[in-house]
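Here my numbering is used: the first residue of the sequence shown is 5, the next is one more, and so on.
It should be emphasised that the hints constitute simulated quantities derived from the structure, not laboratory data. Warning: the hint list may mix true and false statements.
Subject to a maximum C-alpha distance of 20 Å in a straight line, what follows is the list of computed EDC-like cross-link-like pairs (lysine to aspartate or glutamate) [claimed, not checked]: (1) K140 x E112; (2) K152 x D102; (3) K235 x D325; (4) K235 x E262; (5) K334 x D116; (6) K286 x D351; (7) K447 x E367; (8) K316 x E361; (9) K149 x E132; (10) K282 x D264; (11) K334 x D102; (12) K149 x E106; (13) K152 x E231; (14) K316 x E249; (15) K286 x E361; (16) K248 x D312; (17) K416 x E262; (18) K334 x E270; (19) K149 x D116; (20) K334 x E132; (21) K354 x D325; (22) K98 x E131; (23) K362 x D76; (24) K235 x E358; (25) K152 x D93; (26) K152 x E91; (27) K362 x E108; (28) K449 x E410; (29) K235 x D264; (30) K447 x D312; (31) K334 x E97; (32) K362 x E112; (33) K365 x D116; (34) K334 x E367; (35) K152 x D116; (36) K416 x E453; (37) K140 x D76; (38) K282 x D372.
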Amino acid sequence: MFARSRWLPRSLSRLAAALQGGSGSQGTRGVSGLLVCHRSIYGKSRQLLENGSKFSIFHIQHFRTSAVFNDDVMTVNTPAFAESVTEGDVRWEKAVGDEVGEDEVVCEIETDKTSVQVPAPHAGIIEELLVPDGGKVEGGTPLFKLRKIEGGAAKSKSAAASAPKPEAPTPPPTPAATAGAIPTTMPPVPPVKTQPMDSKPVSAVKPTAAPVAHTAADMGLKGFRTEQRVKMNRMRQRIAQRLKEAQNTCAMLTTFNEIDMSNIQEMRTLHKETFLKKHNMKLGFMSAFVKASSFALQNQPVVNAVIDDTTKEMIYRDYIDISVAVATPKGLVVPVIRNVETMNYADIEKAINELGEKARKNELAIEDMDGGTFTISNGGVFGSMFGTPIINPPQSAILGMHGIFERPVAIKGQVVIRPMMYVALTYDHRLIDGREAVLFLRKIKATVEDPRLLLLDI
């Protein structure tokens with residue numbers, strides 16, 4: 005008989021076996037309402053006589069558990085990458101012991117094309133970082149361990165908000181309050197010495213050198229030369245690799261032209277308020293160049309084609325997906341505007357604004373940058389006057405836009421001042437001949453200078 009046992013197993017089978025060890029069939033009592041995961045049973049049995057037989061009575065006490073369970077520590081794994089990405093480098097935003105809220109970013113994984121943010125799936129405290137900062141991970145690799153807490157981040161924020169503000173220190177009493185009464189009699193005059201004072205000639209007095217203050221300019225002249233080494237992130241390494249591959253693979257050639265921006269500026273000034281009210285966004289110059297490029301690509305489809313070096317074939321695409329180069333702190337990204345041939349100015353501006361907002365927030369996905377049949381790079385936003393862009397492989401051409409500057413130009417025998425922009429087209433001479441490249445750039449020039457050509461399809 006287990007009359008003095010304190011704890012019984014939670015298993016029902018073992019409990020039944022323990023009860024069967026009593027006095028016969030009458031010693032077995034049924035136990036109901038037993039929740040194995042949350043309740044404990046202890047035996048404090050006492051023997052009673054009822055009709056000359058013994059039986060044991062087991063007291064059952066129920067306990068409530070707290071919100072902390074045995075499985076409250078969870079392991080967060082690396083999210084799955086796109087098909088073209090195999091691995092990335094981890095950059096931690098949080099440390100061990102930091103409290104995070106649900107969906108708060110814990111780390112970023114820098115891949116060849118973009119950065120993938122890893123949020124906390126639950127509010128909790130970071131228990132352990134399983135990958136060092138800068139370590140390489142693949143899809144599904146364990147990243148960190150998180151101890152879940154119920155509303156921990158919210159509670160800490162509310163507690164910090166409800167904490168009493170420190171009282172302002174009391175100002176010290178003013179001297180007038182502690183000085184007491186104002187004296188009415190003059191203080192006694194100190195006696196004057198009758199002996200003559202020692203005197204020295206001026207030449208005997210040696211001046212003392214004042215301490216020299218080292219200014220920042222003096223420190224710069226002395227040449228405090230320092231340097232630091234910063235590891236290239238994966239995106240910058242991939243950009244450098246692709247640009248060098250483009251130089252080694254493509255037979256790049258660049259042709260130039262200039263565009264008179266008077267008409268497009270006048271159209272923008274005339275309709276920008278109406279455009280803003282209807283579409284809730286500003287009308288820029290990029291939409292004009294994207295639409296003009298789409299029109300020129302339809303006129304010269306070879307510029308929209310690409311060479312397959314594996315099969316030695318030329319691939320002509322019937323769709324037009326234009327990549328727009330965007331500069332970010334981590335490197336150059338080229339999100340893609342798809343099916344531009346079916347868009348108008350408003351659709352293009354909306355797509356550019358959405359992709360630009362994603363790029364600024366570092367929320368571009370791999371799908372936003374995959375593909376692309378032609379690229380436009382706008383160096384004019386930084387004040388560039390002239391330049392030769394590099395092809396974005398596996399594409400065959402890229403258009404470089406530059407700044408708008410007023411210059412004297414000859415129009416109908418007269419010299420006038422017009423807002424002019426230089427444009428450059430770099431193309432793969434293995435696929436595109438000079439004739440097609442020049443005609444393509446002239447078509448862009450004509451369409452931007454007179455957008456009515458788009459309506460007339462000429």
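Hints versus structure:
A threshold of 20 Å between alpha carbons decides the hint, and for K140 with E112 the separation of about 12 Å falls inside it, so the pair holds. Of the pairs offered as hints, the one joining K152 and D102 holds, with about 12 Å between alpha carbons and a cut-off of 20 Å not exceeded. Taken as a hint, the K235 and D325 pair is broken in the structure, with Cα atoms around 34 Å apart against an allowance of 20 Å. Note on K235 and E262: the hinted pairing is violated, with a Cα-Cα distance of about 40 Å set against a maximum of 20 Å.
For the suggested pair K334 and D116, the alpha carbons sit about 11 Å apart, so the restraint of at most 20 Å is met. Under the criterion of a C-alpha separation no larger than 20 Å, the hint pairing K286 with D351 is consistent with the structure, at around 12 Å. A distance of roughly 35 Å separates the Cα atoms of K447 and E367; the hinted pair therefore is violated under the 20 Å criterion. Restraint check: the Cα-Cα separation between K316 and E361 comes to about 39 Å, which exceeds 20 Å; the hinted pair is violated.
With a C-alpha separation of about 5 Å, the suggested pairing of K149 with E132 holds against the 20 Å cut-off. The hinted pair formed by K282 and D264 fails the criterion: a straight-line CA distance of about 28 Å is larger than 20 Å. Taking the CA atoms of K334 and D102, the gap is about 26 Å. The hint is violated against a cut of 20 Å. Proposed proximity of K149 and E106 is supported: the alpha carbons are some 14 Å apart, at most 20 Å.
Distance check on the hinted pair: K152 and E231 sit about 43 Å apart at the alpha-carbon level, beyond 20 Å; violated. A C-alpha spacing of about 18 Å is found between K316 and E249, which places the hinted pair at or below 20 Å, so the restraint holds. Between K286 and E361, the direct Cα distance comes to roughly 14 Å. Compliance with the 20 Å bound is thereby established for this hinted pair. Only pairs whose Cα atoms come within 20 Å are accepted, and K248 paired with D312 is accepted, the gap being roughly 18 Å.
Simply put, K416 and E262 have alpha-carbon atoms about 17 Å apart, close enough for the 20 Å limit, and the pair holds. Distance check on the hinted pair: K334 and E270 sit about 36 Å apart at the alpha-carbon level, beyond 20 Å; violated. Taken as a hint, the K149 and D116 pair is broken in the structure, with Cα atoms around 26 Å apart against an allowance of 20 Å. Using a Cα cut-off of 20 Å, the hinted pair K334 and E132 is violated, with the two alpha carbons roughly 28 Å apart.
Proximity of K354 to D325 is assessed by CA-CA distance (about 15 Å); at most 20 Å being required, the pair is judged to hold. Of the pairs offered as hints, the one joining K98 and E131 holds, with about 11 Å between alpha carbons and a cut-off of 20 Å not exceeded. Straight-line distance between C-alpha atoms of K362 and D76 comes to about 34 Å, which puts the hinted pair past the 20 Å bound. Using a Cα cut-off of 20 Å, the hinted pair K235 and E358 is violated, with the two alpha carbons roughly 31 Å apart.
Restraint check for K152 and D93: not satisfied, since their Cα atoms lie roughly 26 Å apart, outside the 20 Å limit. Our distance criterion of 20 Å between C-alpha atoms is broken by K152 and E91, whose separation comes to about 28 Å. The straight-line distance between the Cα atoms of K362 and E108 is roughly 18 Å, inside the 20 Å bound, and the hint therefore holds. The straight-line distance between the Cα atoms of K449 and E410 is roughly 17 Å, inside the 20 Å bound, and the hint therefore holds.
At roughly 44 Å between alpha-carbon atoms, K235 and D264 are farther apart than 20 Å, so this suggested pair is violated. Our distance criterion of 20 Å between C-alpha atoms is broken by K447 and D312, whose separation comes to about 27 Å. The hinted pair formed by K334 and E97 meets the criterion: a straight-line CA distance of about 16 Å does not exceed 20 Å. Distance restraint check for K362 and E112: the Cα-Cα separation of roughly 16 Å lies within the 20 Å cut-off, and the hinted pair is therefore satisfied.
Taken as a hint, the K365 and D116 pair is honoured in the structure, with Cα atoms around 18 Å apart against an allowance of 20 Å. Under the criterion of a C-alpha separation no larger than 20 Å, the hint pairing K334 with E367 is consistent with the structure, at around 13 Å. Of the pairs offered as hints, the one joining K152 and D116 is violated, with about 32 Å between alpha carbons and a cut-off of 20 Å exceeded. Distance restraint check for K416 and E453: the Cα-Cα separation of roughly 16 Å lies within the 20 Å cut-off, and the hinted pair is therefore satisfied.
Taking the CA atoms of K140 and D76, the gap is near 27 Å; set against the 20 Å cutoff, the hint is violated. Between the alpha carbons of K282 and D372 the distance comes to roughly 27 Å, so the proposed pair goes past 20 Å and is violated.
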